[in-house]
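J.: Listed here are the chains, written in short residue letters.
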Amino acid sequence: MADDAALPLPASPASGTGSRGAGVASGLDPARLGDLIARCALRDQAAFAELYRLTSAKLFAVCVRILRRDDQAEEALQDSYVNIWNHCADYRPDLAAPMTWMTSIVRNRALDLKRRPALEVTGEDSDAWVEAFADQAPGPAEQAQDAAAARRLEQCLDRVDARQRQVLALAFTHGLSHSELAQHLRVPLGSIKTWIRRGLIRLKDCLGGVAEVDWR
Amino acid sequence: MPTRYSDPRLRELLAAEYALGSLRGRARDRFRSLMRYDRGLQLEVAQWEARLQPIADRLPERQPPARVWQTIGSRLGHESPEVALAATASAATHSQPPSTRSRWGLAWWRGLAVAMALSTISLAIVLRTNDQPATGGPGTAAIGGMMAILTDASAQPTMLVSWPMQARSDGKVELRVRIIMDHPTMDANTSWQLWLMPADANARPQSVGLVGIEPEQRLLVDAAMLKALSEGSGMALSNEPAGGSPSGAPSGPVIFRGPCIKV
Numbered sequence: 000m001a002d003d004a005a006l007p008l009p010a011s012p013a014s015g016t017g018s019r020g021a022g023v024a025s026g027l028d029p030a031r032l033g034d035l036i037a038r039c040a041l042r043d044q045a046a047f048a049e050l051y052r053l054t055s056a057k058l059f060a061v062c063v064r065i066l067r068r069d070d071q072a073e074e075a076l077q078d079s080y081v082n083i084w085n086h087c088a089d090y091r092p093d094l095a096a097p098m099t100w101m102t103s104i105v106r107n108r109a110l111d112l113k114r115r116p117a118l119e120v121t122g123e124d125s126d127a128w129v130e131a132f133a134d135q136a137p138g139p140a141e142q143a144q145d146a147a148a149a150r151r152l153e154q155c156l157d158r159v160d161a162r163q164r165q166v167l168a169l170a171f172t173h174g175l176s177h178s179e180l181a182q183h184l185r186v187p188l189g190s191i192k193t194w195i196r197r198g199l200i201r202l203k204d205c206l207g208g209v210a211e212v213d214w215r
Numbered sequence: 000m001p002t003r004y005s006d007p008r009l010r011e012l013l014a015a016e017y018a019l020g021s022l023r024g025r026a027r028d029r030f031r032s033l034m035r036y037d038r039g040l041q042l043e044v045a046q047w048e049a050r051l052q053p054i055a056d057r058l059p060e061r062q063p064p065a066r067v068w069q070t071i072g073s074r075l076g077h078e079s080p081e082v083a084l085a086a087t088a089s090a091a092t093h094s095q096p097p098s099t100r101s102r103w104g105l106a107w108w109r110g111l112a113v114a115m116a117l118s119t120i121s122l123a124i125v126l127r128t129n130d131q132p133a134t135g136g137p138g139t140a141a142i143g144g145m146m147a148i149l150t151d152a153s154a155q156p157t158m159l160v161s162w163p164m165q166a167r168s169d170g171k172v173e174l175r176v177r178i179i180m181d182h183p184t185m186d187a188n189t190s191w192q193l194w195l196m197p198a199d200a201n202a203r204p205q206s207v208g209l210v211g212i213e214p215e216q217r218l219l220v221d222a223a224m225l226k227a228l229s230e231g232s233g234m235a236l237s238n239e240p241a242g243g244s245p246s247g248a249p250s251g252p253v254i255f256r257g258p259c260i261k262v
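Chains as they are written, first to last, in numbering that gives the first Met the number 0: chain G, 0 to 215; chain U, 0 to 262.
Fair warning: there could be bad hints in the mix.
Pairs of lysine to aspartate or glutamate residues, derived as DMTMM-like cross-links and limited to a Cα-Cα distance of at most 20 Å, are as follows [what the hints assert, rightly or not]:
| no. | chain 1 | residue 1 | chain 2 | residue 2 |
| --- | --- | --- | --- | --- |
| 1 | U | 171 | U | 230 |
| 2 | G | 192 | G | 204 |
| 3 | U | 261 | U | 230 |
| 4 | G | 203 | U | 186 |
| 5 | G | 203 | G | 160 |
| 6 | U | 261 | U | 169 |
| 7 | U | 226 | U | 181 |
| 8 | G | 203 | G | 153 |
| 9 | G | 192 | U | 28 |
| 10 | G | 192 | G | 160 |
| 11 | G | 192 | U | 11 |
| 12 | U | 171 | U | 215 |
| 13 | G | 203 | G | 157 |
| 14 | G | 192 | U | 6 |
| 15 | G | 203 | U | 6 |
The set of hints was computed from the structure by calculation and includes no laboratory data.
Okay, chain G solo, but in the shape it has when bound:
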């Protein structure tokens, strides 16, 4: 219904779907995203359409990982972009890079919508992103502005105990709570809490304070 009346969405220029990390180099120039968000604050619908075109595949991936159901992931994505449009005037470039700001809106919404525990998270799946750091030959992501941050995180994760790393990965990418983690990994709740806390402390010691947002 009313499909034909929908907003014109600029066709994505030959963006190969599903290519790992392709978006980082192709369109996610932080300065450009920041500019689009500023124009959205001025109620520029074309800027919003462009922002959606550039970022939705990245953010949808975040939703799908956490919610594991396409219908819920779509709902989370819709709500998030409505929030982004309504709150783009509140965006604070000094506090967060554009993609970080949008990701946090999306993650928060997805976590709110996630009511049921994700039952079948396979170990393989949960390690996927850790491996992505380890195995990936220098690719498009390396040319991205945040390549340095990604490499730093990769190195620091290497120094975190394997169990702690796994717990952090599951919590972040799949949105698992303490008790879901305990259930999934079959370890006591107390251990989960300790691993998370230690993992985070190690990570922070290694990464240090985040340098001033330097994406501009």
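Using the hints provided, position chain U relative to the given structure of chain G.
T.: For chain U alone, kept in the frame of chain G given last:
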């Protein structure tokens, strides 16, 4: 409680777990409301989000279906969503099965479960409202009120409305509205309008008033509405043009709804 949150190590750990996503449920809600007025915590969370962002950046992309963008456009009023409006509004006012239980279905029970959790708060609200002197002389029931727990389409509780069975001395009935969802957002150029669903499913819903997105709100209605309020079967919130429905009946989609219960 506030002293607990002044421990810098605890603050940092909570900020980190919030950004990581492992802080959940009520702890997450509490932290979020704490963060709202705490610049230090906002900064702490922002730093952790920046630290962890490379993980999200590395997830393989996934193109969402085209309908997602269409829905976003229509929700934001970037196009005329009349078709959807008419359908939902008529579903809300007619075609409701008679029994309260089946009418509200699963959402009602989920809402009730949350109401249990919130009952202390809501009861306190009702009681506090009732503390105010009433027009009635001695002997009028001092305790007793009603509430409605509204849920969204996915049965998530979103809003709590409570009111006493009596008018205030100025002839008004005061309704407390509590938004209990995490990110209330109102689409551009629209208003939220609260409706009382009468006991008779064929009667027209009565407007209670316009509601904002602030966590705590009050609505005042004339005492003349008290009878209808005490007999109401449920409440519904619809998305209306800015300023409310022009027709006096819900014209936009009903986004939240829930039954009235006596407390």
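J.: If you test the structure against every hint from before, which numbers come out violated?
T.: 4, 6 and 7
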